[in-house]
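**Student:** So you can see what is in the structure, the chains are spelled out below.
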Amino acid sequence: MKFIYLLDLCAVAVCAITATLEARRRELDWFGVIVIAVIAGIGGGTLRDILLGRLPVYWIHDPIYVVVGATAATFTFFLGRHLRLPKNFFLIPDAIGLALFTVIGTSVAMKLGTPWLIAALMGVITGVFGGVIRDILCNEIPLIFRTDIYATASLAGALLLIALDSYSVNHNIAIVLSMVCIILIRLVAIRWHIHLPRLRADR
Amino acid sequence: MKFIYLLDLCAVAVCAITATLEARRRELDWFGVIVIAVIAGIGGGTLRDILLGRLPVYWIHDPIYVVVGATAATFTFFLGRHLRLPKNFFLIPDAIGLALFTVIGTSVAMKLGTPWLIAALMGVITGVFGGVIRDILCNEIPLIFRTDIYATASLAGALLLIALDSYSVNHNIAIVLSMVCIILIRLVAIRWHIHLPRLRADR
Amino acid sequence: MKFIYLLDLCAVAVCAITATLEARRRELDWFGVIVIAVIAGIGGGTLRDILLGRLPVYWIHDPIYVVVGATAATFTFFLGRHLRLPKNFFLIPDAIGLALFTVIGTSVAMKLGTPWLIAALMGVITGVFGGVIRDILCNEIPLIFRTDIYATASLAGALLLIALDSYSVNHNIAIVLSMVCIILIRLVAIRWHIHLPRLRADR
Numbered sequence: 001m002k003f004i005y006l007l008d009l010c011a012v013a014v015c016a017i018t019a020t021l022e023a024r025r026r027e028l029d030w031f032g033v034i035v036i037a038v039i040a041g042i043g044g045g046t047l048r049d050i051l052l053g054r055l056p057v058y059w060i061h062d063p064i065y066v067v068v069g070a071t072a073a074t075f076t077f078f079l080g081r082h083l084r085l086p087k088n089f090f091l092i093p094d095a096i097g098l099a100l101f102t103v104i105g106t107s108v109a110m111k112l113g114t115p116w117l118i119a120a121l122m123g124v125i126t127g128v129f130g131g132v133i134r135d136i137l138c139n140e141i142p143l144i145f146r147t148d149i150y151a152t153a154s155l156a157g158a159l160l161l162i163a164l165d166s167y168s169v170n171h172n173i174a175i176v177l178s179m180v181c182i183i184l185i186r187l188v189a190i191r192w193h194i195h196l197p198r199l200r201a202d203r
Numbered sequence: 001m002k003f004i005y006l007l008d009l010c011a012v013a014v015c016a017i018t019a020t021l022e023a024r025r026r027e028l029d030w031f032g033v034i035v036i037a038v039i040a041g042i043g044g045g046t047l048r049d050i051l052l053g054r055l056p057v058y059w060i061h062d063p064i065y066v067v068v069g070a071t072a073a074t075f076t077f078f079l080g081r082h083l084r085l086p087k088n089f090f091l092i093p094d095a096i097g098l099a100l101f102t103v104i105g106t107s108v109a110m111k112l113g114t115p116w117l118i119a120a121l122m123g124v125i126t127g128v129f130g131g132v133i134r135d136i137l138c139n140e141i142p143l144i145f146r147t148d149i150y151a152t153a154s155l156a157g158a159l160l161l162i163a164l165d166s167y168s169v170n171h172n173i174a175i176v177l178s179m180v181c182i183i184l185i186r187l188v189a190i191r192w193h194i195h196l197p198r199l200r201a202d203r
Numbered sequence: 001m002k003f004i005y006l007l008d009l010c011a012v013a014v015c016a017i018t019a020t021l022e023a024r025r026r027e028l029d030w031f032g033v034i035v036i037a038v039i040a041g042i043g044g045g046t047l048r049d050i051l052l053g054r055l056p057v058y059w060i061h062d063p064i065y066v067v068v069g070a071t072a073a074t075f076t077f078f079l080g081r082h083l084r085l086p087k088n089f090f091l092i093p094d095a096i097g098l099a100l101f102t103v104i105g106t107s108v109a110m111k112l113g114t115p116w117l118i119a120a121l122m123g124v125i126t127g128v129f130g131g132v133i134r135d136i137l138c139n140e141i142p143l144i145f146r147t148d149i150y151a152t153a154s155l156a157g158a159l160l161l162i163a164l165d166s167y168s169v170n171h172n173i174a175i176v177l178s179m180v181c182i183i184l185i186r187l188v189a190i191r192w193h194i195h196l197p198r199l200r201a202d203r
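Protein chains in written order, with the numbering used here: chain D, 1 to 203; chain G, 1 to 203; chain U, 1 to 203.
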């Protein structure tokens, strides 16, 4: 429980940071960036809780999530102005955030006894919905609908977690393995995407 | 109950199919298309359930909805690549899906004892919200806000269903009549739209 | 209670009116404008109720909100066609609507015993989310993410209301003071925005 709680806070921070890096490129002010970052950080878990009927949603009685998200975004916003980050810098924290949220969302749904397919779906929703709403607010077609391996990585990790759990593997070990699986798939996909353009004849 | 359940599955499939046909025109990959199709299929009912407090939402404990939506979308995606469909092909299944969802949404709200205006509204939301969210995800102004007879047809059908019900007409007959009403209005509106452009002087 | 109820209806009307004035500029028909106006009017409170788990949402058993929103929008739509309004006319009713919704949302959350930070956040969500969803439906980056003093004014008013309440100030007086605070900040911000462009060297 404690372990999941800490992971969750980390994932919120990571998601807020990547959203800040993303949102900075628009003509948004500090406040707009913070709001989008916090929504990106807690949006996935919020939708999961609403769909599962776990109301009020998880951050209502625990404002630390909002505080962590806003703080991470503020630091990133002001540090980011002085720091020149490489163009693809945010891809790695983004993969970690995706992995964290996916395993948390899947765990929460499994504990409620949903069918395994729905538990996996809740993992994917928790993992990707923050980014989807971030892109909608920035007036873009959400990134995940254009890069196939993103949500697919999340789905693979969620299914792995469910499979490991059905074989009674220790839950914390299963979580770590699933996260490693998601991050690996994602990073391989990014590299593959770079080195193997879709339309090349030698594919 | 059984009747409504089957109708609901059909409507999810129909909605997923039309969303796939729509989404194929964007630069979306297979996965993105599937996700948007499933969301279009279950989005309306999901919002209805959230607003009415019927949580967890209807597909959490019955993954068949997600399976039907994803299967319909996948078939359409791959068949659609080999099949050249006429440009307006998706208008008729779309009208059927609109009718199906509207009567289901209205029925559900009526059973919960909401005021008739709200029951009609829940029918319209169930009918059109899947398409609205599909268009938002595709980064467009939702279609229904630009074609007046779409949601209006849904509203007319929902009100007819409520009226028939208040006169104690058999519920299944009332459902069929309301659906016919919606489909007719929609198809007449489409034809009218084609043959009577708004700015023509001879209108 | 009665006081809050009337304020709420006023705020729905005001929000629907400003959304109508905004939406008229797009290629939207009468029906689309009405729908967007009603959503703008009740969207903030709806999201607040969902997040807080107050389901079914507040307008399900009280259709007057929908009726007021739709009526206000219809009047504005048809009157607005004959009336030429000054370009920034909607800024003042918009500030009033923001103030009304913020104090209502904060009050509702405080009554449920949420932490003060979350109560303030619920005030801001109730205040600004209607406008956010209006802008998303119109396919724009939401206005509040581009004009910093909008949500900030809402936040300041919400915090003032919470502070006054903790000092046991009469709730109705606290509401009025908070609203005045929000409207003043907003109007000052608008004027300031006009007279002090961001990039001027003499700032």
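It should be emphasised that the hints constitute simulated quantities derived from the structure, not laboratory data.
Since we're looking at a predicted model, the values are computed, not measured.
All residues carry an ideal CB built from backbone N, CA and C; glycine is no exception.
One thing to keep in mind: the hints can contain errors.
[To be verified] Taking CB as the label site, the calculated pair distances span:
hint: 1; chain 1: D; residue 1: Ile64; chain 2: G; residue 2: Tyr58; range: 41 to 49 Å
hint: 2; chain 1: D; residue 1: Val180; chain 2: G; residue 2: Arg191; range: 53 to 61 Å
hint: 3; chain 1: D; residue 1: Val169; chain 2: G; residue 2: Ser166; range: 51 to 59 Å
hint: 4; chain 1: U; residue 1: Ile64; chain 2: G; residue 2: Asn172; range: 58 to 66 Å
hint: 5; chain 1: D; residue 1: Leu112; chain 2: U; residue 2: Leu117; range: 26 to 34 Å
**Student:** Quick one: which hint numbers does this structure break? Sort them smallest to largest.
**Tutor:** Violated hints: 1, 4; rest satisfied.
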